[in-house]
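Chains as they are written, first to last, in full-length UniProt numbering: chain H, 1 to 316; chain D, 1 to 316; chain Z, 1 to 316; chain V, 1 to 316; chain F, 1 to 316; chain U, 1 to 316.
Please note that a few of the clues may not be correct.
Note that identical chains are pooled: a pair holds if it fits in a single copy or bridges any two copies.
Said to hold, decoys possible - Below, simulated SDA-like cross-link-like pairs (lysine to any residue); rule was C-alpha separation at most 20 Å, straight line:
| id | residue 1 | residue 2 |
| --- | --- | --- |
| 1 | Lys228 | Gly64 |
| 2 | Lys311 | Arg88 |
| 3 | Lys32 | Asp52 |
| 4 | Lys32 | Pro80 |
| 5 | Lys183 | Ser173 |
| 6 | Lys21 | Asn214 |
| 7 | Lys118 | Thr65 |
Keep in mind the hints are simulated off the structure, nothing from the lab.
Protein chains: 6
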Amino acid sequence: MLKKISEYNVDEEMDIVVLLKHADVRTTKTGKQYLALTFEDTSGQIRGNFWDASSTDVDNYQSGTVVELSGKKELYQNTPQVKIYGLRLVGEEEGFDMSQFVKAAPISVEDMQAELNKDVFEITNPTWNRIVRFLLQKYQINFYSYPAAKTNHHAIKGGLAFHTLSMVRLAQSISALYPQLNKPLLLAGTILHDLGKTIELTGPVGTEYTVTGNLIGHIVLIDEEIIKAATELKIDEQSEDFLVLRHMVLSHHGLQEYGSPVRPALMEADVLHEIDMLDASLYMMTEALDKTTPGQYTDRIFALDNRRFYKPKLSE
Amino acid sequence: MLKKISEYNVDEEMDIVVLLKHADVRTTKTGKQYLALTFEDTSGQIRGNFWDASSTDVDNYQSGTVVELSGKKELYQNTPQVKIYGLRLVGEEEGFDMSQFVKAAPISVEDMQAELNKDVFEITNPTWNRIVRFLLQKYQINFYSYPAAKTNHHAIKGGLAFHTLSMVRLAQSISALYPQLNKPLLLAGTILHDLGKTIELTGPVGTEYTVTGNLIGHIVLIDEEIIKAATELKIDEQSEDFLVLRHMVLSHHGLQEYGSPVRPALMEADVLHEIDMLDASLYMMTEALDKTTPGQYTDRIFALDNRRFYKPKLSE
Amino acid sequence: MLKKISEYNVDEEMDIVVLLKHADVRTTKTGKQYLALTFEDTSGQIRGNFWDASSTDVDNYQSGTVVELSGKKELYQNTPQVKIYGLRLVGEEEGFDMSQFVKAAPISVEDMQAELNKDVFEITNPTWNRIVRFLLQKYQINFYSYPAAKTNHHAIKGGLAFHTLSMVRLAQSISALYPQLNKPLLLAGTILHDLGKTIELTGPVGTEYTVTGNLIGHIVLIDEEIIKAATELKIDEQSEDFLVLRHMVLSHHGLQEYGSPVRPALMEADVLHEIDMLDASLYMMTEALDKTTPGQYTDRIFALDNRRFYKPKLSE
Amino acid sequence: MLKKISEYNVDEEMDIVVLLKHADVRTTKTGKQYLALTFEDTSGQIRGNFWDASSTDVDNYQSGTVVELSGKKELYQNTPQVKIYGLRLVGEEEGFDMSQFVKAAPISVEDMQAELNKDVFEITNPTWNRIVRFLLQKYQINFYSYPAAKTNHHAIKGGLAFHTLSMVRLAQSISALYPQLNKPLLLAGTILHDLGKTIELTGPVGTEYTVTGNLIGHIVLIDEEIIKAATELKIDEQSEDFLVLRHMVLSHHGLQEYGSPVRPALMEADVLHEIDMLDASLYMMTEALDKTTPGQYTDRIFALDNRRFYKPKLSE
Amino acid sequence: MLKKISEYNVDEEMDIVVLLKHADVRTTKTGKQYLALTFEDTSGQIRGNFWDASSTDVDNYQSGTVVELSGKKELYQNTPQVKIYGLRLVGEEEGFDMSQFVKAAPISVEDMQAELNKDVFEITNPTWNRIVRFLLQKYQINFYSYPAAKTNHHAIKGGLAFHTLSMVRLAQSISALYPQLNKPLLLAGTILHDLGKTIELTGPVGTEYTVTGNLIGHIVLIDEEIIKAATELKIDEQSEDFLVLRHMVLSHHGLQEYGSPVRPALMEADVLHEIDMLDASLYMMTEALDKTTPGQYTDRIFALDNRRFYKPKLSE
Amino acid sequence: MLKKISEYNVDEEMDIVVLLKHADVRTTKTGKQYLALTFEDTSGQIRGNFWDASSTDVDNYQSGTVVELSGKKELYQNTPQVKIYGLRLVGEEEGFDMSQFVKAAPISVEDMQAELNKDVFEITNPTWNRIVRFLLQKYQINFYSYPAAKTNHHAIKGGLAFHTLSMVRLAQSISALYPQLNKPLLLAGTILHDLGKTIELTGPVGTEYTVTGNLIGHIVLIDEEIIKAATELKIDEQSEDFLVLRHMVLSHHGLQEYGSPVRPALMEADVLHEIDMLDASLYMMTEALDKTTPGQYTDRIFALDNRRFYKPKLSE
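Extracted from the complex, chain H is given alone in its bound form (with noise of 0.2 Å):
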């Protein structure tokens, strides 16, 4: 039970403790009832079908649970799959961990907070330092182990933190490469900029988007926790300052096709934009390529423009 789903070969025969992601109710055209399950681990997902499921079955896995998984790795149609043996539900009671079954960001939420910390000292603007320190303590919790999307890049438990952590480095190297910019705003635009998706999203397990982040939408989310930050902060609402922390947020998808209801008018909330998309695309063709052998291309990415990208052998 020590070893992770992707770490069995072809042909061998499983049995291991996994999250069941999804799980549909289907019928065979010979009219038979069957489950279409998804498994889960820190180490990649397997699908499989569960034949002749009964009516028990069908209540018992659901998505969300915890099973014990027998049977077989096969390949079908060039994929991996498992042919079930068996399963069977594991209750509370026996002492798993929910995070041994989803990918988590690779610095622990310890050495993130510490970091984050010591940028935050750097904020040195104080309504911008005091709206910061008071939204991460408000949402500190879902900051740290929430995803930074349902799908496309960092959707992994604590990608959130982990991507904004990713962006604030990026921030404080470019702010040493180029002293015009104001190190302070772009430091505290970064932080926060991704904050509303604690609001958006559902959480890190079986990610979705909430009613409010489809009606709303997390770039106006943040926005609205900035003003509530400063209402309750008693920061001049009408000062440049809070303006244009608020603009560095609402602007940072950089086009408003991308959502965005103003477009980047400060350098700072520009240079927000270019590290945001720098850090997204550097993550995506990261995680493809770690699945590619060299000498040979990804899959297409579909968030960058549905691009393969190859994988060099290299002499060196």
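For chain H, the structure is supplied; the task is to place chains D, Z, V, F and U on it using the hints.
Showing chains D, Z, V, F and U alone in chain H's frame:
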């Protein structure tokens, strides 16, 4: 002095009190200073140059002042212009009313207010009703005096309320024809949709964008006002009733390219966008056709894809 | 046999007379022939496979025939499907009426006709009035039975007249609010705008595009009919009255990308395009929302930019 | 008086009879009236100002009159201009021929007519042959005198027939290389495709769009003529032969964005569109390169995506 | 064994030697391994499944091998498929020629070579003549055997030379009609324009993109070859003659969106792009129409904006 | 004579030696010849008219000469202009250095060279290292003196090397944060990516595009140089190391619309494109903001989608 700018004929001498809308200081090729001026009253505008301007003249004749203008109406490159004989500052003590000089909506503020109040009465949902009442109350002065835009449509005094009222009438008619629409929601969204323009723009005279308008935009500004109203009125901000009202105003530009952070995802939000387009385009076409002789074309209208419209002679 | 397709529950046995909308002959992987069938009545459609079909079955059960179906309603991949026990051809001598099986407009032909006749009375310009009367007379059968489209909006029996009537009602309301509009012109253009669909499409059952429809298109086809009407009625084809009516129908798709050879260049032509969009989108949203549970989203609607719409639960 | 406009050198005195193409009345900054004039003959155009124009001058020197111009050719901002010494109206009794002043196609009307008649002979399908003959007959005067456009390509006297003839030659060559093409259909479509321009435009001198041209467009206008020809000639309007000919002209702009109500759906229709583009672009590039020195670039050509073309010096 | 794939009727037994174009190993739902195969000869392709494949079968029947296939032609979802009775590897010692299985250009290599040589003779400019001769010599084998594309147009053996030859014929015809064109330049550019495909693609059988093809692209690859030819032939690389030849091939895709690093800036470069489009589209339409019954439409052609084309019945 | 152009105040008298950047001969309406001149030094530019220019003046005062200018700084339409009292040609014998007049990069050539040499040291792959050294050596003079563009960003003396160096610094920082990047490849691609501009442009003074630049473009020109370097250095041109370096420079514009014949298909190529955009946009924003008063907007920046940027006043 009772005649309006547009009532003078070419070659007729003018003596008239008008608003000095724009004043630019320029220098002739031979190095002499002059003022390039634009005068306005409710009937339209006319341009003219004030030659050999002294420093005192430059100080006196600034944008936004009221002047007595004497001169002669002439044609310059097919456009009427005034050859200036003399200018004189008119002080407030001489008793003019700025509304003499600024084109205004064709309905009185009182009538618009009375009609809208009846519409508010039909917003039976208490969440929407209370927020609408609260914000109409809070912005009542500016709502009835601001234009709906800097240059495109309803760029007149009271244009914002007049545009809103015209749309409310459309909303009433369409709700009567399509009972599947939630009329209270459509009315509430319509009344509030452009109210953020009272913050985005500077006012009815010499209208410009405020810094807040440029950096935040009127769509997010009205959403902010709705949130603050809810806080004040202790309305549940997680209720669906509240979310859908916010969605109405956030999505009313229809496309993200036009500045809405989310696209319409409610039937009523889609209709709100369509009646906004319908009223705005009717206003612009009407205004252009009013200046056009039957059998001729209007000038190109930039906001309508640069189209020209034909004014038929028609037998009837 | 009085129940409709959509009124059966999953797992309920069905015995029902329906239209066989589509019939495809297929072969199983093991080489046996079967029929993949789609059944329809006014309440909706359901699919089912008829296994081990003989050559006689293939000959009998063709698209467009009426059959008695016995079977059981089941779920296949979350979509209802019928497990077929037996099929029987129903002959015309058994006395069914095709209209039992085809979804129709919610207003009777007589009522639509009566209302439109009153509208025609308001077309006071004799050129437009005579052409409208002539063409409504010429195409009266098909105008009141054809759908307005093959798949998108108003794809129902009588959908063409119903869509036209809904738009005429909008035209009446909007003309009342904006007296600058030439109501007779707007009414005439609205009534005629889609009449070419009676030539572009094959009819109310199993609607397809005709070759003429594909090669010429309904916009040019109705323009052709207007020209022929004018010739017949000895109307002056050079008169402006005649040209503007042609322009109304030629430009009603609004953009050349959507098949109009000219863009709207009359205020009434622009309004015609806008009310066409408004009625079509309201129809599609309403139809999709009718199938949706409160608190859920509709399927994506291709013709509305692939958007999904939310059906609120609303407190009220 | 035998020299043409473009044959004068800068600083040379001119005495020449020319067409007064445009005449605008303007006023100097110091209030004096003058005429801004454009003169034209078959060699090109030149502009000049007629200072201190009296009311009689304004009445005399109107667009479309013929004048004797004396003056001196000068450079103004790198563009030749004429400094006017004197102007004199030339009456028809002095015996000029308007064709002296308007640039014309490089082939005579008789030669074009003779060649096209041979091409018509190859249209062996009787439906197409009779319609082509009928319409060439009906519009023979205008077809051989009208330009093919107001400003872009072949904007010269006889340009419509010349453009058509050049395309017919391409159609002949391409049909010889690709025998799968239906040559009679391609020839018929090519000859008719732009004939509607005789109704869309006002004529060879001072070409403008007619109201009919603006509201209907030349594509629908020629389709209308084809229908009327068929009625006159008692041709079956439901026959496929007739439909495909209409499709040829309706789709010849290739894309709906360019005003075709339907996209090409016949191989010959697609080829017609391609040879239309080929001949038009060759004309525009040739005309621009003719005015350009080897080793230099042409001006930007708006209708060719605003590109500039290089004229090589080439060793050969 | 003399019959071709497309010559068998449905339900007819087949015994035929064919190319195994694609072979995928798959598993049935019940866990058994089978091969999903595509067979090809010069007449077309057919698919079939080889059930219960052993490991030896999987090893033997790989893409690119030649096999003897016995089975029966059947219809599966309206598409012909072969029910496989048996398969046998055919060794090279049995004396087949790969060209039996691959569709080839309709003109022999010798005829194409002879005709192109005559064209080269007309390239009178020594720079262009020597480079064209040098590269045709260097790539003569591949130029006459490679396809012009992986899937779109001229994706047949010898398709590259055949496409080039068809374009050269167009270039000859068009140069005759438009003497302002520099024919030697147009011929040289046409002959070389796609030669880089011999490096971009893997060859005539099982055509794929090479890594070089993907990373560099055929446009830059042929430009590179031209530079190397010039070095070899000691041609002045700064001469305008040399630059314009490079520009011809670099710009031949017409738009930068289509991969040309520069847009056509020579009249001949623009014409080269247009005849490339013309020949490619004629090839694709002809191929699609050849498979279509008169009175029907072709399938949608992706590379022609997903259009379908109608094949007329025509009276003639 | 030690003051710079931008250091004079309005209404101050000037006596200064400057570069005559542009000189146009024009004629007044009353027929007199004058020179419209633009003067430049390292602090900026100023325009002025030299009235009543004699033929000698026209011959003397040509673009690119150095002149002593005496006059007075004035405002014309809100833009500073010089009223010219006198002009005098300054000969080379008077000992000026052209670099006095041309704005240059803020780092000295020696410092840039020293820093880049250290970066080259980190390119450990011998293929890339040798090519980079070879080309930096070959183009060392021009690389350190040319601008990076004609008008957009880094259009200053040494701008090419300065832009490259700024990007190398970004490449170093980002490689440190994302160790999955191949730093040697990223450095090599960054250093070479714009080197073709030394062939595409004419040089640091009066920069224009060369004919080669227009017909071939700097992307293909640097690729050509890399190939020639490889030939010279006997590097294997088929090796993957060589191909990926070429791909880096060929794809660096990111989109084919912007002139790259291939889109980035390597992670490092994508990053190269992103840091190119980042450095270019930071340069343009900084330059525009430097000319802007706090609390105001910059002019529209064409190359940044015509956006204006706000310069905050900020409390800090």
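A quick look at each hint next to the structure:
In the homo-oligomer, the alpha carbons of Lys228 and Gly64 never lie at most 20 Å apart, since the shortest distance is 34 Å inside one protomer and 38 Å across protomers. Proximity of Lys311 and Arg88 under a CA criterion of 20 Å is satisfied in neither setting, with 40 Å inside one chain copy and 38 Å between copies. Proximity of Lys32 and Asp52 under a CA criterion of 20 Å is satisfied in both settings, with 6 Å inside one chain copy and 18 Å between copies. Only between protomers do Lys32 and Pro80 lie at most 20 Å apart by alpha-carbon distance; the minimum there is 15 Å, versus 24 Å within a single protomer.
Both within a single protomer and between protomers do Lys183 and Ser173 lie at most 20 Å apart by alpha-carbon distance, with minima of 10 Å and 16 Å respectively. Taking the shortest alpha-carbon separations for Lys21 and Asn214, neither the intra-copy value of 22 Å nor the inter-copy value of 37 Å comes in at or below 20 Å. Taking the shortest alpha-carbon separations for Lys118 and Thr65, neither the intra-copy value of 39 Å nor the inter-copy value of 55 Å comes in at or below 20 Å.
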